[in-house]
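Participant: Line by line, the protein sequences give chains F, R and Z. Residue numbers are given in the numbering used here: position 594 of the first sequence equals residue 594, and the series is strictly consecutive. Plus 1000 on top of the position in the second sequence (first one is 1) and you've got the numbering used here. Plus 2000 on top of the position in the third sequence (first one is 1) and you've got the numbering used here.
Derived from the structure by calculation, the hints contain no laboratory data. Keep in mind that the hints are not guaranteed to be accurate.
[Said to hold, decoys possible] Which stretches of chain Z does chain R cover? Using the computed rule of at least three CB atoms under 8 Å from a CB of chain R, they are:
(1) 2034–2048
(2) 2357–2370
[To be verified] From chain F, some residues computed to sit far from chain Z (all C-beta separations above 12 Å):
(3) R22
(4) F26
(5) P162
(6) N388
(7) A539
(8) D576
Nothing here was measured: the structure is a model prediction, and the numbers come from that model. The beta carbon of each residue, even a glycine, is placed where N, CA and C say it ideally should be.
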Amino acid sequence: MTTAPSAIHKLSLFWDALMSRRWPLFLLVAIGFIASILVSRYNLIDQYLELVAMYVGINIILALSLNLVNGYMGEFSVGHAGFMAVGAYGASILTVKVFAPAAGVWIFPLAIIAGGVLAAVAAVVVAIPSFRTRGDYLAIVTLSFNMIVKSVLENVDVVGGPRGFLGMEKLTTLPWTFAWTVVSVWAIRNFVYSNIGRGVLSIREDEMAGAAMGVDTRKVKLHAFVVSSFFAGVAGGLYAHLLQFISPRTFDILKSTEILIMVYLGGVGSIAGSITGAVIYTVLIEALRVLGMWRMVIMPLLLVLLMIYRPKGIFGFTEFRWFKPIAAKKGDGAIVPYMAASEPRRPTPGDELLTINGLTHYFGGLCALSDFNLKLDSGQIMGIIGPNGSGKTTLFNLISGYYRPSRGNVVFNGVEITRLRPNEINAQGIARTFQNIRLFNNLTVEDNVKVGMFNAVNYNAADAMVRTRSFIKREKYVSARVLALLELFALDKYAKELAKNLPYGQKRRLEIVRALATRPRLLLLDEPAAGMNPSETGALMELVHRIRDEFQLTVMVIEHHMSFIMGLCERITVLDFGVAIAGGAPEQIKDDKKVIEAYLGSSGSKNYRGGQ
Amino acid sequence: MAYISQQFLNMLQLGSLYAVIALGYTMVYGVLSLINFAHGDLFMVGAFLCFVATAKLHLPFVPVIVVAAFGTVLLGVAVERLAYRPLREAPKVSAIITALGVGVFIENFTLALSPYPRHVPEILPNISWNFSGLTVSSIQVLIIVVSVLLMASLDFIVRKTRFGMAMRALACDMKTLPLMGVPVNTIIALTFAIGAGFGGVAGTMYAMAFPVIDPYMGIMIGWKAFIAAVVGGIGNIRGAMLGGYILGAVETLAAVALPSTYRDFIAFTLLLILLIFRPNGILGVPKTLKV
Amino acid sequence: MVRFCTSVLIMVLLFVALTMSGCNQAKDDAIHIGVIAELTGDIPAVGASCKNAAEMAVKAVNDTGGIDIGGKKYPLKLQIEDSAGRSDQAASAAQKLITRDKVIAIIGPNASSGAIPASEIAETSKVPLISPWSTNPKTTLDPRTGKQKTYVFRACYMDSFQGRVLAAFAMGELKAKRAAVLYDVASEVLKGQAEVFKATFEEKGGAITGFETYTTGNKDFTVQMTKIKNDNPDLIFLPTYYSDVPLQVQQARRFGMNVPILGSDAWGSHDLLGLCGKDCDGSYFSSHFSANSTAPGVKKFVDDYKALYGSIPDDVAALTYDSFGILFEAMRKSGKPASEDIKNAIQKITGFQGVTGTITFHEGSGDPEKSVVILQIKDGEFKWFADIKP
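Only chain F is shown next, with the shape it has when bound in the complex (with noise of 0.2 Å):
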């Protein structure tokens, strides 16, 4: 008994010494690669469990694949089926039909790409909707392109109709399961940790202030969509080869649901989940074979109870070490110090920056901004001032296009930006931050500010799923800025952390990083101070006149904290319901008379001078 403890110790300290390398996970997929040929050629396993474990391989690619959309882009799609289902018929249409039979068996990896390629064509009818729509409307979306995929199907008598498609050879075995796998896996995790799929989990967490951060969410969504259908269609052209049989039964809206338990079962955001929810569920299934009728119903009383005692399913947003990147390293060859100076589209210094010309914004009936003028020269730091409900955060939101205004226009640097998008108005030069700060919470501090170099990337979603060197290359150099960047902030010791779990004034800090890490021009501060007491304040005040200087930025700042405002600012305008009231230096504003009035009401006491 004694022993044991020391034993299980050594046990345990040898399996952290393996998982946290990376060549047992290789070793692994060869090893089972290998057997996976032996097992099939030699009969080494009888063909049950052959059968159990293809259809382990073809739910691991569906589940991942859903997870991805789910999981990964927080969406609820519910129709997966309808993806699988073109993949399935494409890739049977093209052995079946435009190759001999015999021809199968060489164009079969062929055969199953097109499928895929079918399918994440069709991606972009349900991807262009989830544009201007999210959530249970998205849902609907995918219920109805899975139910038209079905009626659809048939109606068509050329791949049989309701009778259903045959005539595929037995082409899908154990190796080209496990080879599919392995690299739908591999692909998947590959695009997950890459810039896109950092965009995808922006959207996530925070659509909007992924926007801000230039994270171009349209392109990210049909990215999401494109990729996670084309492995649908993967495992649906494996399946059809499999079964030798589909028809538009088998992808009903119940073969939706059994993607999505296995999703929800193994853990959303996690490609470990994935595996082991596809595993658990094609096993249970087959398992409790035993009870007969009562199966079915003790299978959903299972995932019931597990979502109610691990509503994050077994993995929910954890990963398997094997699965996560390598982590940068201080010393990996690209790491250079953070030269802010060094960064190229510079202007110079009292040049015109920004120009507004009679913006006003409407909410209905209420008129939020009303004919507001400016000119913003580069270099300056300048406050908003005004009461709440002034239309300071309005004016903040039209210039980094959230709202567009009623009338009137921005130009940014000689650009018309008016009518842009939030990320293509980042992508110009502006960058802000939120009142309510709106960090990416569940995504460590080192990704918040990676998606932050959103656009800093010049690889496509292609170079990441293979991982070519144009990838590893620049995801180096964005590893290496980023915490040279969060060295400069002192937020290094928090790269590993999620953003939630920071102290409040450091995440209004990050949130400052995060936006310069998109190589703004301009930045704009929406209420920086607030709830900080006079000594975070006065740490912030300098932090904001540190980075003016050494990222030779412009910056608007919207505060309250009056001693702030004015000790940091060289130009203030003060808003008063929509209207700019009175603008200037901060001597010329702390005596007007209407903005005293503004403030105070028209009795006002004389002695009000900001707070201090």
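Dock chains R and Z against the given chain F, drawing on the hints supplied.
Facilitator: Just chains R and Z now, with coordinates in the frame of chain F:
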């Protein structure tokens, strides 16, 4: 003319049923932002209770409705208490998946007890009136009238009573409401009770109109009613009613004007197009951008 | 760490559960026969009848001490698997029965969507499979070669044959000129019947006034019925499942249509009488067997079934029972309890007197030669009306 009015009547009947079921989805969604995927199965349970009450207990019409409604109310509240309440703080999707699980459980449990479809005996004599080619049956009239009454009373409850006010407030802000002294759990349970009761009554009426029932009858109609709720703008009571009638109309028109093979295809394509142009449903208010 | 170990443990347990399931059979000389039935899923009633008939058939043999093959009596062991009405589960059930339970033959699945993938597995594993109720022509065909599969049989006639017979019956006996059709588009079987009926009917000079559809799960047919009524047909053909039939007939009658109604074998459940009441009176439908036949075999079967399960057997029960009958007959003649010999013996079966009629197999075909029974609903009973030979 008789043909058109006949189809119009069919449309009203189908739409009424969709509307009443859609209300159950939308009410629960309104207070909890939870898609109660088990709702279609509560509807099915309502129909089975109707069967038990008529075929086994030989009860007359009113007690049958009471038994079905009461039974589904109990089941609905129990499901809320046992499966959804523990998950109120959990990610919303966990609750939705739980709802899916509960639905499948109810279906297959019923199935294990009764694999064969059941026939519900006639409770009320079925009379048909003929108006120059237009045939109106008493059941059609009953369904439409009862549905409209139910909807009107619900609309009244939600808009004019203290409970309705609490319900609407709950939809806005669940965190603050207890601070105002409103018993949130009671309100939620009541909402589930009303939603489930509506499902039960709809199940009974359905079983009277289409007297062959089986454990899977709730799946398809549940999804469709859910779609109706979304079309109208989920969370919006009047939207659900409107959505129900719209879905009924679209399905009927698709079958009238085109080969009925394409009925589902047309109905869902129209729905997709609608959602592209009105992403929040017809009466749904776009969520205000809070920046 | 802890979590990881737990999950590894769970995986191992799952694997063990999977490996063990079905392995706990004792070594005995019992012959294992597999049944794949749709116990759950969208047609649970079919599965339930199939299971009932299977248990009854096997019990009857075991009560006599087992089946006599080559002078030795072997007890039978029945292994029933659920396909949940899904293709993939039907395939895994078939594979499990063959590899794990070492069954000598498989009866089922009934739905063609399950029977086709299961038959592929049976064919490659060289285990005879008899589907009681799969009427899809493709079940017994190898789609790649266009030839018949050698190990796959069915106990029923095909729906193409049935559709032709019904169209001829409608024009001949019922003197119909204008027929309307309403069918379930999501069901392969029913769509096939509807299409063959339409083609034959039009070929013979009749007119199809309406060809309406719905999808499984719909219960409201008022729209279609209104359309059908508008075209004034003199016959309505309803190839629809018996659970839908009462609704359709009632709705047709409610709209004042009193034309004859013709159904297909999907009507064949005695529940229909209870479900439909007097509305269906006078309707005709094709069936696989007639429960009030006075033939001694049929009467015994019906009585035994009633005694055991308290209801009159439906088509699926009868066909399952006959599938077992064919299997037992072949086993007795095979000389040794081996799949190969049983297959050969099934192919040679001629004139087998089953409860669903006389069944003959021809060498090289898994489709039996048997006649269609036309039944009429009269006074709350299924009455035998005609036998139509191929």
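Participant: Confirm or reject each hint.
Facilitator: Results of checking the hints against the structure:
A stretch counts as covered by a chain when three or more of its residues have a beta carbon under 8 Å from one of that chain; for the segment 2034–2048 of chain Z and chain R the count is 7, and the coverage holds. Using a Cβ-Cβ cut-off of 8 Å, 0 residues of the segment 2357–2370 of chain Z lie near chain R, which falls short of the minimum of three, so the contact claim is violated. At the 12 Å boundary, the C-beta of R22 (chain F) stays outside the reach of chain Z, the nearest C-beta of that chain being 16 Å off. At roughly 19 Å, the least C-beta separation between F26 (chain F) and chain Z is larger than 12 Å, which holds for a residue marked as non-interface.
With a least CB separation of 5 Å from chain Z, P162 (chain F) falls inside the 12 Å interface cut-off, contrary to its annotation. The Cβ of N388 (chain F) lies farther than 12 Å from every Cβ of chain Z, with a closest approach of about 47 Å, so its non-interface assignment holds. At the 12 Å boundary, the C-beta of A539 (chain F) stays outside the reach of chain Z, the nearest C-beta of that chain being 40 Å off. In this structure D576 (chain F) is separated from chain Z by more than 12 Å, as the shortest Cβ-Cβ distance comes to about 57 Å.
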